[in-house]
Amino acid sequence: MILQLKLLFKNAFRRKFRAFLTILSVTVALLAFGLLQTFIDAWYAGAEASSARRLVCRNSISLTFPLPLAYRDKIRQIEGVEAITYGSWFGGIYIEEKNFFANFAIEPHGYFRLYDYKIPAEQKERFLRDRRSAVAGRRLVERFGWRIGDIITLRGTIFPGNWEFVLAGIYSRGTVDLDESQFFFHWDYLNQALKKIMPHRADMVDFYIIGVSRADLTTEVAQAIDQTFKNSLAETLTETERSFQLSFVTMSEAIIKAIQLISLVVILIIMAVAANTMAMSVRERTGEWAVLKTLGFGPRKIIVLILAESLIIALAGCIIATALTFPMVSTFGRTLRNYLPIFRLKREIFYFYLAASFLVGVVAAIIPACRAARVPIAEALRRIA
Amino acid sequence: MEQPPLIVEIKDLSKSYHRNSQTISVLQHISLEIEAGEFLALMGPSGSGKSTLLNLIAGIDRPDSGTVRVGGVDIALLSEAQLARWRAANVGFIFQFYNLIPVLTAFENIELPLLLTRLSRQERRKHVETALHLVNLFDRKDHYPGQLSGGEQQRVAIARAIITDPTIIVADEPTGDLDRISAEEVLTLMDRLNRQLGKTIIMVTHDPRAADKARLIRHLEKGLLQ
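These protein sequence lines map, in sequence, to chains Z and U. First residue of the first sequence? That's 106 in the working numbering, and the numbers climb one at a time after it. First residue of the second sequence? That's -9 in the working numbering, and the numbers climb one at a time after it.
Mixed in with the good hints, there may be bad ones.
What follows is a set of in silico ranges between Cβ atoms, one per label pair, in the way DEER data are often shown [claimed, not checked]: (1) U:Arg182 with Z:Ala428: 51 to 57 Å; (2) U:Ala26 with Z:Glu484: 28 to 34 Å; (3) Z:Cys475 with U:Gly37: 30 to 36 Å.
Simulated coverage check for chain U against chain Z, where a stretch passes if three residues somewhere in it have a Cβ under 8 Å from a Cβ of chain Z [what the hints assert, rightly or not]: (4) 45 to 52; (5) 96 to 109.
As a list, the in silico DSS-like pairs of lysine-lysine whose alpha-carbon atoms are at most 25 Å apart [claimed, not checked]: (6) Z:Lys335 with Z:Lys179; (7) Z:Lys115 with U:Lys131; (8) U:Lys212 with Z:Lys111; (9) Z:Lys111 with U:Lys131; (10) Z:Lys111 with Z:Lys406; (11) U:Lys131 with U:Lys116; (12) Z:Lys362 with Z:Lys451; (13) Z:Lys300 with Z:Lys179; (14) Z:Lys362 with Z:Lys223.
Hints listed in this document are in silico derivations from the structure and should not be mistaken for laboratory results. Bear in mind that the values here come from a model prediction, so they are computed numbers and not experimental data. C-beta: ideal position from N, C-alpha, C; glycine also.
So here's chain Z without its partners, still in its complex pose:
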C-alpha cells in the first residue's frame, strides 16, 4: 500500500510546476464557485430567513404607497391571525450616504414577538419604555463603534429633518439567520412627529407583518385580508414573507442566474484544463504503463492508478480551496457588509468542493486512463525503444 501511494504521489508531482499549475487552477475554480455561491446565498438570505408562518401585507399598488393604521384591528380579527405588527421604511442617512444601513420605524411589541432577536432583557425593557430609543444590530454597532446610551442622529430622506435616537439595545440573531445590521426605532415616535410636520402621512404604515397560527393557513389568511380591503382606497397585497423577500430578489434574478451559470462554466473550463494536463501526463508515460502492464498490472489496475493520480491533484486543489475559502469569504463579507449583511459560508459549499474535485479528477483522467489501459504493450514498448 505504501509503495502504491508513493508511486501515485511521485507520479502526480513528477512535473512539479505543471502539477502546481493544475492544482492552482482547480483551487481558483473552486474558490470562484464558492465565492459566487456564497454571494448568491447572501442575496437570497432574507428569503431564506423568512418564516412560513409570517405574512407581509402592503399596499397593492406599490410598497411606496402606505396603508392606514386602522387596518391593524381589522386584520387582527381575521381567523388564523395570531400576532400583528407594522412598520415603515425610514430611509434615514447616518452622517453621510455611504454609511447606508436599513432603518425602520416599527411597532416593537409585536415585532419582537414575531422575530427571534436576542436582546438582553434590561436593554429590551429600556427600549420599550423610551419612545425616542432605538435598537441596532450587533454588526451595525461594531461598524460605527456605538455604545449603549449614544445619541444617533439620522437625516431623514423621506421624512425631512434630523431625527435623534438614543441607542437602548443591541440585538443579535437568535436561532435563525437574521440580519444584524438593521436599525429599529418606535413607529409611535415617527408618527407623533409626522402629525406635526407631515399630517397626511400620519397614522399610515408601509407594511403589516402578520403571524399566522398554522403554516397551512397562510394562503387562506392572505386571501381573507386582501378580500377585507377590496374596493377600499388602499387595497392590500398580502403574501408570505418569503414571496415578499423574493419579490426584491427576482428583480435581479437574471443576473443571479448568469452568475450561477458562470460559476458552473468555470468548473467546466477547469475540467478541460485538468483533462489536458492528465492526458499529457499519461501520454508521456506510455512506456511506463506498458512496463507495468508487462509486469502483470492488468487494465483495471492501470485505470485505477491513473484515476488515483488525477484525484490526488484534484483533491489537493480541493483542500487548498477549502483552507482559503474561510479567509476569502470573511474578507469579501467585510467588504460587502453594507450591501449583503448576511454573507456566510454554507457547509454545502464544501460538499460541492469535494464532489466537484472528485468529478474533475475522474473526468480528467477517464479517457487517458482507458487509452493507457488499452494500448498494446508491444506497440508501446516499441515506441520507447
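Following the hints, put chain U in place on chain Z, whose structure we already have.
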C-alpha cells in the same frame, strides 16, 4: 538420462502487422520447443521477427494463428486480465533500456511485481533483499535509476525479473545498451541464474558474445526459424 519437460511449445505460429493498407508478415509458421532450464539465444538481423517471437512467448502480443503454450497454458486463449495475471506469475522481463520506474528506488522497482502477490510487507522485503544480494546491488538499494549506471540499472531490472520466481525469463537485447564490461557482468549474472537456479531464459540478441553464453542458439531470418 531423463529429458527435461518442455516449458515452451510453439506450433505453426504466424504474426503480421498492418501499416496503413499494407500487411507486413513478421513470423511465418514458426514451430519451436524449449525445454525447462534452457538458455536460448534468438539471433537474427533487425526486422527478422525475433523480438516479436519473444513478445508472443511472453504474452505481451497475440498471434494471428498457431498456438503458444507456456508451462502447459495456451496463452493465446487468455483474456487481457487473465494474461496480465499469467505474466505476473510466470514471466520475468529484461528490456534493452532497463525500463525502470524513475520515481522509485532500486528496492522499490524490484518490489513492484510483488505488489500483485499476496505476500506481506515483511515477506516482500526479504525477497527483495535476497534479489538485491543476488545481483550484488544491496548497497545501492535506495538509489534511484538516475543515480545508477547502465549496468547497475540492468542488474536491478534482472532482480525485478526474477523476484516472483517466474517460469521463464525473457530478455530483449539485455546488453544492447551497455558497455563491454557491464554487458559481461549482466551476461554472467544471467548465466548464473540459468546454471545455478535453473531458470529458463530466452534471450533476443544480435551480439555474438552474448549468444555465446546461451546453451542453444536459434536464428530467425525474414520471419522463418532456421
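Hints, verified against the model:
Here the CB-CB span from Arg182 of chain U to Ala428 of chain Z is close to 55 Å, well matched to the stated 51 to 57 Å. The supplied range of 28 to 34 Å is met by Ala26 of chain U and Glu484 of chain Z, whose beta-carbon atoms lie about 30 Å from each other. Distance hint check: the CB atoms of Cys475 of chain Z and Gly37 of chain U are about 32 Å apart, consistent with the given range 30 to 36 Å. For the segment 45 to 52 of chain U, the assignment as covered by chain Z holds, since 4 residues bring a beta-carbon within under 8 Å of that chain's beta-carbons and 3 suffice.
Residue count for the segment 96 to 109 of chain U with a Cβ under 8 Å from a Cβ of chain Z: 6. That meets the three needed, and the coverage hint holds. Distance check on the hinted pair: Lys335 of chain Z and Lys179 of chain Z sit about 13 Å apart at the alpha-carbon level, within 25 Å; holds. With a C-alpha separation of about 18 Å, the suggested pairing of Lys115 of chain Z with Lys131 of chain U holds against the 25 Å cut-off. For the proposed pair Lys212 of chain U and Lys111 of chain Z, the alpha carbon gap of about 45 Å is over 25 Å, so the pair is violated.
A distance of roughly 16 Å separates the Cα atoms of Lys111 of chain Z and Lys131 of chain U; the hinted pair therefore holds under the 25 Å criterion. Distance hint between Lys111 of chain Z and Lys406 of chain Z is fulfilled; the C-alpha atoms sit about 16 Å from each other, no more than 25 Å. Annotation: proposed proximity of Lys131 of chain U to Lys116 of chain U holds, straight-line Cα distance about 13 Å (limit 25 Å). A hinted pair counts as satisfied when its Cα atoms are at most 25 Å apart, and Lys362 of chain Z with Lys451 of chain Z qualifies at roughly 19 Å.
At most 25 Å may separate the alpha-carbon atoms for a hinted pair to count; Lys300 of chain Z and Lys179 of chain Z meet this at roughly 23 Å. Distance hint between Lys362 of chain Z and Lys223 of chain Z is unfulfilled; the C-alpha atoms sit about 35 Å from each other, more than 25 Å.
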